[in-house]
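Colleague: Here is how the chains run, residue by residue.
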Amino acid sequence: MAELSAFNFRPGSSVLHGLDVRFKLLFLVLISVTSLKAYPVSLSVLTLVLVAALLHAQRSLKSIFKAFRYLIVLLAFIFFARALSVPGSAVIEFKAVSITREGIYHGAMVCWRLVIVVLTGLAFVSTTRPSEIKAAVEWLLNPFPFIPSKRIATMMSLVVRFIPVIFDQARETADAQRARGVDNRKNPVYRLQKLGIPLMRRTFERADKLAVAMEARCYSENRTDPGLRAGLRDWTALFVVICLCMFIVV
Amino acid sequence: MNIIEIKNLSHRFADSTLGLENINLTIREGTFVIIAGQNGSGKTTLLKHLNGLLLPTAGTIRLAGRTVSENLVKARQMVGMVFQDADSQIVGETVCDDVAFGPENLCVDRNEVKRRVSKSLKIVGMLDFKDQKPHLLSGGEKRRLAIAGILAMEPKVLVFDEPFSSLDYPGVKQILKQIVSLHRSGHTIFVAAHDLEKVIAHADRLVIMKEGKVVKDGIPSQLLGELETFGIREPCASRLGMEVPSWLN
Ligand SMILES: Nc1ncnc2c1ncn2[C@@H]1O[C@H](COP(=O)(O)OP(=O)(O)O)[C@@H](O)[C@H]1O
Ligand SMILES: [Mg+2]
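Taken in sequence, the protein lines are chains A and B.
Using the working numbering, read the first sequence as starting at 25 and increasing by one per residue.
Using the working numbering, read the second sequence as starting at 1120 and increasing by one per residue.
The set of hints was computed from the structure by calculation and includes no laboratory data.
The structure displayed is predicted, hence computed values, not measured ones.
A virtual CB, placed ideally from N, CA and C, is assigned to each residue, including glycine.
Misleading hints may appear alongside valid ones.
To be verified - Sample of chain B residues at the chain A side, in silico, Cβ under 8 Å:
id, residue
1, LEU1172
2, THR1176
3, THR1179
4, ASP1204
5, GLN1208
6, GLU1212
7, ASP1216
8, LEU1225
9, SER1257
10, MET1272
11, LYS1275
To be verified - A few chain B residues facing chain A, derived, Cβ under 10 Å:
id, residue
12, GLN1203
13, GLU1223
14, LEU1255
15, TYR1288
16, GLY1360
Extracted from the complex, chain B is given alone in its bound form:
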């Protein structure tokens, strides 16, 4: 089943710059998609359309068959988004309050909120931090908390905007492991990145963007050679003519 269908999507910002131009994409449920491109190529703008944070100037986006603007709350519940700056995404005064924020907004019953909070914290391995103040967490922990916060809303699609920026090596590995295991458990995954080294080995599909347009779309291993023409660094192993290994090994 196609979980996401984007047809002729364009977006013009209020100051009349063209953010996205004529984008067409269909994504099958359970796919691991990488959106690659230089800074300013429109990755974040595209991703914000998936849950209606931005609405199209022209064209349509369908989530599981229904247009996003038809039911924004449903779209936001279905598409969970982890932003680049995890610190401004965390709203609770403690870790478990933060995770409860989403389900509370959906008017989920109190006991169900508790169940979802424990479950989500367990998935990201942060149950022991339950009463910690978010401010005292490390960068990787903050990002895992942000992930738990959206998992509690039980989304089908998970969107990660530059998930590895400003993380150390163990942090990158932890987040990557998390993303891969969420993909295995059946979620559709979007990762926006300007550096593909860390994720490419796990992806099913690579979409390359430039100046608000999709310029390439296909299977990662077949596009590796062309990356540099679009201002994206080709992974080392690929330059040497080898298969890119996973960062998890």
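Extracted from the complex, chain A is given alone in its bound form:
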């Protein structure tokens, strides 16, 4: 789980931290969509704005690069796929394949836009508490009559809470079995079964205890509403973001 820590919430007091989640979610969508219409000049502006916003939210440049470490492979793959497949004037030719000038341009654009989307996502995730994201989901689902929004929100937070616990459990069980020489067994089905069954058992036991503990703390779907409120600051931010998007599209 540690690999994903670059995409974690970081507490802070920046403007981004203070904005209402629902607005931030809207900005995420707006910026991602407009980036599809953007070309080098406007993409540079967007990148600068986003990096500035991230720095303002107390993310270091280093941690931003770290977030991209795992994305590089994907970006490279997309870039080459484009560079090789778009017809045009060839830059490098080798037997049947050729990298074209147009291909390089297209590939770079697609990658750049993806980077924008990821930067926006990073700015969102690192300035928004998981509980706020949960609140936003609950708010979004509320208008639909047959969807139990509170239950879904609770399930979401339980999943987030227990995934690392289950991973740890899996690692512990695997280590215990390795200590008893399971590596000598070459049959993967056998090994998966020997790992999976105790893991499932422990997970269900844990779920039982969890249910009792939740009951002990009066779990009920009729609970305090998540405190979401939008202020002048949010509307101002919306105005700024819309202006930015207009500038890019036009």
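Got chain A sorted already, so can you dock chain B with the ligands onto it with the hints?
Modeller: Structure of chain B with the ligands alone, referenced to chain A:
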């Protein structure tokens, strides 16, 4: 005032094993009670009756005069329970979300939730961990978080099921200090334990259980000599004929 009155309580599990048999106890408000007994003697089963997680097959339990089954939510708010396995008790994705869980269930106003979260985290000394993920806490910190989670519901009675299991020495001291200070601030305390060494010096009352029955009930210092007949280890100092010292000194 008697905060808890248990009369002729018996509990039979679904598979018809008898978990508790004819238990009678009355506890005054503000008492520090230890429930001692071997594994399987029925400590957890008894404690789960205090907040209605299990309901009696026969007999009654009254909390401040009213039967538990009459108002389960009230009973659970009044009796906060810290389970043996703190890890499965923590439900929030961050420390402060977890503490907010209880008061949110009680439909407490949002600002009041915030106030209670800070207050409870402050009591257990974990305000600095507010945004930490529970998964990254140490064993002692997890248990303190579990305590904060129930303090936020403002209970009168606090129940600790084997609070020292799998804690290191500093962890034990921290939790013990916490329990003692909560007792001083007026809470009624129940601690279930199979090893009395760590808590006995602070208790007002000792209830010994065996095979689902209460076999002894009295003042700790007077029961120390008989512990071993019920499969509970007698504290070292007591064997040497001395008074058992507190672990906090
Ligand atoms: N759900 C259950 N169904 C049947 N028997 C149970 C159940 N829970 C506990 N028991 C049995 O009741 C007895 C008392 O258990 P418990 O209260 O957990 O003991 P303690 O907490 O003192 O170790 C044990 O013998 C246990 O096997
Ligand atoms: Mg027990």
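Colleague: Look at each hint and say if it fits the structure.
Modeller: Hints versus structure:
1. A hinted interface residue such as LEU1172 (chain B) counts as satisfied when its beta carbon comes closer than 8 Å to some beta carbon of chain A; here the least separation is about 6 Å, so the hint holds.
2. Among the interface hints, the one on THR1176 (chain B) is violated; its C-beta lies about 19 Å from the nearest C-beta in chain A, farther than the 8 Å criterion.
3. Hint status for THR1179 (chain B): violated, given a least beta-carbon distance of 20 Å to chain A, over 8 Å.
4. Taken as an interface hint, ASP1204 (chain B) checks out: its beta carbon lies about 6 Å from the nearest beta carbon of chain A, inside 8 Å.
5. At a threshold of 8 Å, the smallest CB-CB gap from GLN1208 (chain B) to chain A is about 4 Å, leaving the interface hint in force.
6. Because the beta carbon of GLU1212 (chain B) sits about 4 Å from the nearest beta carbon in chain A, less than 8 Å, this interface hint is met.
7. The interface hint given for ASP1216 (chain B) is met, as the beta carbon of that residue sits about 5 Å from the closest beta carbon of chain A, less than 8 Å.
8. Given hint, LEU1225 (chain B) at the interface with chain A, holds; its Cβ is 6 Å from that chain's nearest Cβ, closer than 8 Å.
9. A hinted interface residue such as SER1257 (chain B) counts as satisfied when its beta carbon comes closer than 8 Å to some beta carbon of chain A; here the least separation is about 14 Å, so the hint is violated.
10. Hint on MET1272 (chain B) holds. Least Cβ distance to chain A is approximately 7 Å, under the 8 Å limit.
11. Interface restraint check for LYS1275 (chain B): the shortest CB-CB distance to chain A comes to about 15 Å, outside 8 Å, so the restraint is violated.
12. At its closest, the beta carbon of GLN1203 (chain B) sits 9 Å from a beta carbon of chain A; the interface hint therefore holds under the 10 Å criterion.
13. This hint holds: GLU1223 (chain B) has a C-beta 4 Å from the nearest C-beta of chain A, less than the 10 Å allowed.
14. Given hint, LEU1255 (chain B) at the interface with chain A, holds; its Cβ is 8 Å from that chain's nearest Cβ, closer than 10 Å.
15. At a threshold of 10 Å, the smallest CB-CB gap from TYR1288 (chain B) to chain A is about 23 Å, leaving the interface hint violated.
16. A hinted interface residue such as GLY1360 (chain B) counts as satisfied when its beta carbon comes closer than 10 Å to some beta carbon of chain A; here the least separation is about 41 Å, so the hint is violated.
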